[in-house]
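Protein chains: 4
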Amino acid sequence: MSFNTFGKIFRFTTWGESHGPAIGCVVDGCPPNISINEKDIQAELNKRKPGQSKFTTQRKEDDKVNILSGVFEGKTTGTPISMIIYNKDMKSRDYETIKNKFRPGHADYTYFKKYGIRDYRGGGRQSARETASRVAAGAVAKKVLENKIGKKYKVVGAVTHLGILGCDTKNWNDKFISKNPLFCPDKSILTLWEKYLLSIRKAGSSCGAVIEVRAKGVPIGLGAPIYSKLDMDLASAMMSINAVKGVNIGSGMSSAQLTGEENSDEIFRNRKRINFKSNNAGGILGGISSGQDIIVSFAVKPTSSILSKRQTIDKFGKNTSISVRGRHDPCVGIRAVPIGEAMMHCVILDHYLMNNAQCGS
Amino acid sequence: MSFNTFGKIFRFTTWGESHGPAIGCVVDGCPPNISINEKDIQAELNKRKPGQSKFTTQRKEDDKVNILSGVFEGKTTGTPISMIIYNKDMKSRDYETIKNKFRPGHADYTYFKKYGIRDYRGGGRQSARETASRVAAGAVAKKVLENKIGKKYKVVGAVTHLGILGCDTKNWNDKFISKNPLFCPDKSILTLWEKYLLSIRKAGSSCGAVIEVRAKGVPIGLGAPIYSKLDMDLASAMMSINAVKGVNIGSGMSSAQLTGEENSDEIFRNRKRINFKSNNAGGILGGISSGQDIIVSFAVKPTSSILSKRQTIDKFGKNTSISVRGRHDPCVGIRAVPIGEAMMHCVILDHYLMNNAQCGS
Amino acid sequence: MSFNTFGKIFRFTTWGESHGPAIGCVVDGCPPNISINEKDIQAELNKRKPGQSKFTTQRKEDDKVNILSGVFEGKTTGTPISMIIYNKDMKSRDYETIKNKFRPGHADYTYFKKYGIRDYRGGGRQSARETASRVAAGAVAKKVLENKIGKKYKVVGAVTHLGILGCDTKNWNDKFISKNPLFCPDKSILTLWEKYLLSIRKAGSSCGAVIEVRAKGVPIGLGAPIYSKLDMDLASAMMSINAVKGVNIGSGMSSAQLTGEENSDEIFRNRKRINFKSNNAGGILGGISSGQDIIVSFAVKPTSSILSKRQTIDKFGKNTSISVRGRHDPCVGIRAVPIGEAMMHCVILDHYLMNNAQCGS
Amino acid sequence: MSFNTFGKIFRFTTWGESHGPAIGCVVDGCPPNISINEKDIQAELNKRKPGQSKFTTQRKEDDKVNILSGVFEGKTTGTPISMIIYNKDMKSRDYETIKNKFRPGHADYTYFKKYGIRDYRGGGRQSARETASRVAAGAVAKKVLENKIGKKYKVVGAVTHLGILGCDTKNWNDKFISKNPLFCPDKSILTLWEKYLLSIRKAGSSCGAVIEVRAKGVPIGLGAPIYSKLDMDLASAMMSINAVKGVNIGSGMSSAQLTGEENSDEIFRNRKRINFKSNNAGGILGGISSGQDIIVSFAVKPTSSILSKRQTIDKFGKNTSISVRGRHDPCVGIRAVPIGEAMMHCVILDHYLMNNAQCGS
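Chains as they are written, first to last, in the numbering used here: chain A, 4 to 364; chain B, 4 to 364; chain C, 4 to 364; chain D, 4 to 364.
Among the hints, a few may not be true.
As the list makes no split between identical chains, a pair holds if one copy fits it or if it spans any two.
[As the list claims (entries may be wrong)] 25 Å max Cα-Cα, derived PhoX-like pairs, lysine-lysine:
1) K50 / K321
2) K154 / K318
3) K78 / K104
4) K57 / K102
5) K321 / K280
6) K52 / K280
7) K280 / K102
8) K78 / K198
9) K67 / K91
10) K182 / K78
11) K102 / K78
12) K151 / K78
13) K155 / K91
Quick caveat, the hints were computed from the structure, so don't treat them as lab data.
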């Protein structure tokens, strides 16, 4: 049982509401003697932070992280790493109008029905602000994996579909991704995406996105059948991100349309290396990593807060309508890229440690 | 940590290999005083069992279940329910040829690399035979939920895509599903599907499938944010099924292509009932059930064992090829329907009990 | 797996080192709509805080707690409750002399051997300062239980043995316990204890203690056989407290010396009430609460930091000796009383919720 | 959450009632490639089995174990090991008289109040027969540890107090323990113990016992602070055994009576070896193994089923009395020796794997 904890050995627990004094996380099970400092974590947080371009919400979140424990003289000690991010730029008055109304597509209604109480300010605990905590945890996991596996280990995420517009993943370029505000991997499509997104923004509407995260250099043998399969945990990890509605491993949903011949990922040896002719499996066979790149993609639904008036009810059960004014994010999916990367790091490290446990020396 | 255990409060642990003496499961955390007997469980197992039509493998599995504990005078006692299914019809000699070769698309290679040893007979632990154990566990969960929630609670699964052929889900008919061997929900497409599948079978090829599972009558408030979201656990549950590569909740991957207006599932009250205009969310908001139908779909990749010769390596690292003879299943996805239903029951009951724990009286 | 988390449904995760910027805990799984505020928690913390009498260490710890999340408008929301206590009065220079030496009886040596690194300042993570976090978690649990069970629920702990001096538990007086700095339950022995402890203090020596914690008003049926027995979890809880070396339930170790006749706790009905003639079982039968008072006692070893010179080794493996100067606590066991009470609250609430889960409506 | 599962990585789940068709366990998380067969497990079970001398119950339990999964060609495969022991010699009619009466000291009353139903035959799930399953799990753990650590690893348990009679542990002799039916470690006291026990048996009475279990050759560094301390898990393990009421680590409850000087276990180096002058800590400092022998002792209460008439109530709440006829065990503690050893193996292996996970390469 772990309502607010993710992971099995490398575990992080997040806490905090959007408009409380702070948010944070406690990372447990981290191996000792790994160099880490606040700058390492801040670098990952900065990728996620809003207000960085005209394409995302103008809410300013400094997301300045402090490490409160578990690191001594620049190294992890094996004890829990507590990290805190104080909340700023909280305009609680903005939310007074939605205090008693349930925003469609949000979790307002279900939180209220479940708990009989909710912190409505900025979505409270439901707010995507929680994801900053996981990015911090993911930054720790990344450092550990780079230390254990070395530089061949690398995780890169990108947006592969922006609303109705896909991109050509054959043009995937890691460096380009980090240089554009849409995490677009395909230079040839970026201008079109920008125009499309600005038009959606102007219309007060929103669109969804598909994010793909790739991990290279993952050792063979991570993942534990039957109920700790690597793909189970990746699906669970990505589905835990706000607004995610679908997860694919490798060919994912499309694999239903392949024939056995197309899908088989034939194996061959070339000199000392084992190779595969394709990677429909997304690097995972029987729940265990095969040494191929791990490839996960997931769909983020369009931002629920839009300017158009939507029909809903209030907490007293009366029919009413709502339209969200103020800061508006036309595509929340974009900011999910660093979050997906963080979850990938966490799941891989968790399975790395689990594999050490059962199959180590 | 739970390599072979699924669930948090209602937990089941499965064990057994395809060609060992038996397989089985231990169900723990089951509420007491629920009427249950072997017939209830056998009825669910019979839905899954192979050799029932010309469309699935001819391997005969009687799948006869015995309850060894936890039920006294026809009622659960709150102690663990151990169930066993003895293996029969095991032709171990069939597998001698694949003893040293890794079948592409199967977990042969990854199991061997992870553990340094594997029971190659019939896939051993990787075999889909393991899923019989979960169907047994699901049958227990179903009985509990019918007792706690009543007859309005109902789970129905169907095949919505057979390879490249979809169906019209507007024609979904619960009764029809149970009467055709393909679990097809749309009467108008069945004949076409049958012809298509027979042609694939004759060609020695295989195809994938998409399965959709719907749960009606699920109470509002099940699911626990942030890291025990109902959709996380459903994604994890479905992804744990052999050969599953993608999972959708509601509109799933397609939600990326919707606008905020289309996606919003507006809420309104009609007399005493709260209604939603659509169900893109698949009945889950912020990880918590909303009272709408829970809708999950997942893709099963095409059967990896096909007659065409495929390139691969052997356990000594040498290049070789393989083609699987003998009993052949052109679409393993079909048999995933009762498995998906079973996992749905288990996840819902688990969250029902979790919600009792934290939010009960 | 949960290195720094205690509990199954009501779970708390503690973090922080003695001389870091802060310590704290995250409480998860707390039921919603329970009134709680910082004063409630502070009141429990104040019982534990050092520097309150001449009998405990003069280290001043304000132990001022802040709630950072999970409470909205004075009530729990069902989301994680993060609490922080900033560290003050940290004289890190005091610890420079023990930087490279392992104090016998402390965990210096084992932490160093396990992790290859340790925060030696004030014992770092090993410090009993961690227990402030659990007292905070226990204060939350207490509020929940008082809300759920009502005022008949009450937990009281006391010191029943101070070094070689026992007391007469027939004289146990709840009110008296809270009025003396030694948590002594027996007025007739207090003066003797005070003299004894002062003499130990003057000698620079230390003594152990036995703490007994009693819970009244615990409902029948808490505890889940076989491996979540209430007594297992209580033993585990108490053994997790720094310096605890033994745990008894009811008659505990002494039960080995009873005959079956003496030990049997006969049952009888008196009007509508079920009664027991004795309580050797400490209120737990087969791991399940019987409705009698839950009685747990545990032994705390003498403070390891004493003025006498002790032989030891340094981190380079050389023989050396050590004697601890400065603030000195002649009996750490005394301050374990509120900690034992806190752990009792947490275990009982955890099992209360677990019982709701499986056996609730 | 794990009602019937013990352990974190090396986990076992037990199931079964005393008078059902079988009992058994599923061991999960076992490392692969460990040689093991049914004889290894049977050897441990034989130590525990009743009916072996005039000092224990004459109930014959063959306790013949079958391995159903997880072992292939004599080696563990890393998949779950399911073991089953069929029940024989079940005289269900013997128990008809206690069907409606609650035996004092047993869990009849609490099971019935908790679950509203119980399998009363032979105590059902409460029966100490369940411990056969753990002995089987412990046998697996032993094989793994002998493989990983080597022959210097050794666990030996003995009875150190039989009722009111202690023994001199300075005379502890491993070989002697295995040769006498009372697991007495001290040759000089055995005859007295035998006479004492026979007199208790004749009187239809019973006595308790203290069991001490010692583990040699345990590596330094096992145990994970704060809430997976090795001593926590050992306390929990031993307290889970039927009829155990107290647990000591090292000096245990007696440590309360020591001075700081006496208790300190001074450290010194002799050539290349780190030594301790005493072992009051029982080999555990701060929850982590120190390389000294791990020493745990626990008290088993006297058998509750005695010939003397005891007052009790029936399931309808009426006052009545009961006296247990038939097979009678004057000291259940004796048979707890192999159970304590099994639990020691399981806890040590679990922590060995946990330490591999976090602190391995």
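Here is what the structure says about each hint:
| no. | hint | in the structure |
| --- | --- | --- |
| 1 | K50 / K321 | neither (41 Å within a copy, 45 Å between copies) |
| 2 | K154 / K318 | neither (53 Å within a copy, 29 Å between copies) |
| 3 | K78 / K104 | between (47 Å within a copy, 20 Å between copies) |
| 4 | K57 / K102 | neither (28 Å within a copy, 53 Å between copies) |
| 5 | K321 / K280 | between (59 Å within a copy, 16 Å between copies) |
| 6 | K52 / K280 | neither (39 Å within a copy, 34 Å between copies) |
| 7 | K280 / K102 | between (55 Å within a copy, 23 Å between copies) |
| 8 | K78 / K198 | neither (46 Å within a copy, 46 Å between copies) |
| 9 | K67 / K91 | both (10 Å within a copy, 23 Å between copies) |
| 10 | K182 / K78 | neither (31 Å within a copy, 45 Å between copies) |
| 11 | K102 / K78 | between (44 Å within a copy, 17 Å between copies) |
| 12 | K151 / K78 | within (14 Å within a copy, 30 Å between copies) |
| 13 | K155 / K91 | neither (38 Å within a copy, 44 Å between copies) |
Comparing the model with each earlier hint shows violations of hints 1, 2, 4, 6, 8, 10, 13; every other hint is respected.
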